[in-house]
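Engineer: Construct all of the structure, not just a fragment, from the sequences and the given hints.
So the protein sequences, as listed, match chains A and B.
Residues 1 to 122 in the working numbering are what the first sequence lists, from first letter to last.
Residues 1001 to 1363 in the working numbering are what the second sequence lists, from first letter to last.
Any given hint could turn out to be false.
Now the in silico label distances, taken between C-beta atoms and shown as ranges [what the hints assert, rightly or not]:
#1 A:Ser114 - B:Val1179: 46 to 52 angstroms
#2 B:Ser1317 - A:Ala45: 47 to 53 angstroms
#3 B:Ala1171 - A:Gly47: 26 to 32 angstroms
Partner residues are not named here, just some residues of chain A that face chain B (Cβ under 10 angstroms, in silico) [stated by the list, open to error]:
#4 Pro3
#5 Ala19
#6 Leu24
#7 Ala26
#8 Gly27
#9 Arg30
#10 Leu57
#11 Gly85
#12 Pro106
#13 Glu110
#14 Asp121
Part of the chain A face toward chain B, derived, beta carbon under 10 angstroms [as the list claims (entries may be wrong)]:
#15 Ser32
#16 Arg42
#17 Ile83
If you're looking for bench data, these hints aren't it; they were derived computationally from the structure.
We put the beta carbon where it would ideally sit given N, CA and C, even for glycine.
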Amino acid sequence: VRPVPHILLVEDDPAVSDATRMLLMAGGCRVSTAAGAHEAERIAAAGGIDAVVTDYLLEGDCSGVQMVDRLRHRCGALKAIMITGDPSAAARELRRDQHTRLLSKPVRAEEFLSVLRELLDD
Amino acid sequence: VPYSSPELRSLLDAAIDAVVVLDCNGRIEAFSPAAQGLFGYASDEVLGRHFTVLLPGDRPRRRDARALEHGVRRLMARGRELEGLRHDGTVFPAFASVARMAGAPPRYVAFIRDLTERRHSQRNQELLERLMRMTRLATVGEMAAGVAHELNQPLTAIANYAQAGDRLLAAVADAPPDVRGVLQRITAQAVRAADVIQRLRALVSPPSSRELTDVNLLIEEVGGLIRSDAQAHQVSYRLELGRDLPTIEADRVQLQQVLLNLFHNAVESFGNGAFTGREVVVHSARAGSELEICVTDNGPGVSAAMVPRLFHPFSTSKTGGTGLGLAVSQTIVRAHQGSLTHIPNRPTGAIFCIRLPLASNAP
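Structural biologist: Pasting the structure below:
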């Protein structure tokens, strides 16, 4: 039996956060949500997070990439999915690394959940 | 002495245009005070000399009366634009007209108007129009990008809710079969709308041309616009341009647009408030591997409430502002691999700092 993965969802738009949380839960995940980088760091510091799903653009001067870098600096290796409305801009900043995936917004549920599974099984 | 009658003297003295009287051979017979001011000669330095001393170019000119008559005919009636030569060797644009005076042998009187100021304001007007065109394009682009982001969020929520609903229903044994189909169609339509937005975003991203650019030249080129903006708001300003700055690779017009936007924000920030010594400083300097252009004012500064949303599209503290100026500016600077930041000024005011990487071959 596969354990229920614990996902940290970072999204500042309440409706997008709620809808994505429901989609992840329908896909069999446990979800903690954060509206910004600081809250995300606090939750991640408590431990037990298997992957972070974040909007590429966060409120304030911190991008999803920077936030994930900070989380990894504090909490070690962390799998991450970045979701962005402007994939061309995001792809420029995103370094190639095997623990990070970039998806465009809105996500297709099939693709989203299968990418998440692959990342977690890796 | 010719032209010594008080009537004629006062006519020459009063004329705003430069007035030069020539004899039939083109020698200068009278040289009005305005002419002295315009050409930089005292009257007795030019009286008796051939009028070509007032024209640039060293190609030989025919100096006989017939050539003069021919030349005069071209300038008579409507006059035309030509270049004048000052005593100090500088050349200036001018408008000249000539009339033949009654009597024999003929004499000629030339009226010469300095066009330097007009040419400057023409150039400024052209520059302003080019910048306005760029600003309109960039503003439309920023607006589309802003709308794209704002609409993409609810579309994402719709798609994700519908997809979550579909998955939840999939786990229910006796779920009505049509409902999953409806949810899937909702998802497909939300995704379709998001695709339209994506294409729109690609369509409006502004084109940009890069060339090696001297930042100080870039600033000085818009000096006239800066001056008139400052004057219109009764604000004094200073340019503090660093010396021997390395070049950057930049789209000059786009960066001028950013600079004028920051400057305009600064002069407007004073409003009607009583700030003593209202001043804006434009400063350029090298900062390590970057070049810095800062616009500093001593006005009221940015309110604490505004700071977090300062560069967001559609956020503004001005009545009638679009809230796109700083967003456009930041987009442009970032496209140059640079940064645009706000720093509060002490004791009051704001500093907006553009930092740009040096050209790769800069020393």
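Engineer: Against this structure, judge whether each hint is valid.
Structural biologist: Outcome of the hint check:
no., hint, in the structure
1, A:Ser114 - B:Val1179: 46 to 52 angstroms, "violated (24 angstroms)"
2, B:Ser1317 - A:Ala45: 47 to 53 angstroms, "violated (37 angstroms)"
3, B:Ala1171 - A:Gly47: 26 to 32 angstroms, "holds (30 angstroms)"
4, Pro3, "violated (19 angstroms)"
5, Ala19, "holds (3 angstroms)"
6, Leu24, "holds (8 angstroms)"
7, Ala26, "holds (4 angstroms)"
8, Gly27, "holds (6 angstroms)"
9, Arg30, "violated (15 angstroms)"
10, Leu57, "holds (8 angstroms)"
11, Gly85, "holds (4 angstroms)"
12, Pro106, "holds (4 angstroms)"
13, Glu110, "holds (9 angstroms)"
14, Asp121, "violated (20 angstroms)"
15, Ser32, "violated (17 angstroms)"
16, Arg42, "violated (19 angstroms)"
17, Ile83, "holds (8 angstroms)"
Against the hints set out earlier in the document, violations occur for numbers 1, 2, 4, 9, 14, 15, 16.
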